[in-house]
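Participant: Those letters in the sequence shown? Residues 1 to 197, per full-length UniProt numbering, in order.
Hints listed in this document are in silico derivations from the structure and should not be mistaken for laboratory results. Cβ coordinates follow ideal geometry from the N, Cα and C atoms, glycine included. Treat the hints with caution; some may be incorrect.
What the hints assert, rightly or not - Computed spacing ranges between beta-carbons, pair by pair: (1) LEU164 to THR73: 22 to 32 angstroms; (2) GLN138 to PRO171: 14 to 24 angstroms; (3) ARG144 to ASN26: 42 to 52 angstroms; (4) PRO171 to ASP50: 23 to 33 angstroms; (5) SER172 to LYS27: 39 to 49 angstroms; (6) GLU94 to PRO171: 38 to 48 angstroms; (7) ASP50 to GLN138: 27 to 37 angstroms; (8) ASP170 to LYS140: 20 to 30 angstroms.
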Amino acid sequence: MSKNCEKCCFGLEVRHKNAILDIQTNKPCVVLIHGFGGSSKWQFFFQVRDLSRSFNLYIPDLLFFGESHTNKTDMSDLFQAICVGEGMKRLVVEKYSVVGIRYGGYVAYRMAEIHQEVTKVVIVSCGICSSDDQKLEQLKKIGRDAVNLLVPETPQDLKTLMKLSIDKYDPSWLPDCMVSISVLTIAWFLYSVPTLH
Numbered sequence: 001m002s003k004n005c006e007k008c009c010f011g012l013e014v015r016h017k018n019a020i021l022d023i024q025t026n027k028p029c030v031v032l033i034h035g036f037g038g039s040s041k042w043q044f045f046f047q048v049r050d051l052s053r054s055f056n057l058y059i060p061d062l063l064f065f066g067e068s069h070t071n072k073t074d075m076s077d078l079f080q081a082i083c084v085g086e087g088m089k090r091l092v093v094e095k096y097s098v099v100g101i102r103y104g105g106y107v108a109y110r111m112a113e114i115h116q117e118v119t120k121v122v123i124v125s126c127g128i129c130s131s132d133d134q135k136l137e138q139l140k141k142i143g144r145d146a147v148n149l150l151v152p153e154t155p156q157d158l159k160t161l162m163k164l165s166i167d168k169y170d171p172s173w174l175p176d177c178m179v180s181i182s183v184l185t186i187a188w189f190l191y192s193v194p195t196l197h
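Based on the provided sequences and hints, a complete structural model is requested.
Facilitator: Right under this line is the structure:
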């Protein structure tokens, strides 16, 4: 395997030098898990440079997202957690922390439940800490069903999702023709909708 490992088992991307050969470094290992509907490259593009100075980063594409796929039909967060954990074992990473954003937060939570190698978990902007009533109240404010929000069908739907997802960002300047390309790409993920429930 090359010194600058790019692709490993389970679609796991390794973003530090000499990933396999120098795993005994003094930097702590961190797994970054993306949210629903994206990929690890898209979700963490701006964070990798700064975080990699202090951490060995492992950035998987969860199954059914990005370029990751399987012949299994299980789309649960538990299955995702098992697969990422198994990938880390195959990379011989003995201890690591996990950071999960939104859907990735559910996967990170499950990883902490089932993998003793997980030392710390950070869940960013995830509904795990909200009661069902709080979630329903938030959806009423938005005026949309969660599935319809996460799987946009029109450029306006995607702009709404972007506005809710990105702090201090107004996507109204984006031309609908450009956003339509993203909507078509997201439509490809429609088969993943059972993952949401």
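Participant: If any of the earlier hints don't hold here, list their numbers in rising order.
Facilitator: none
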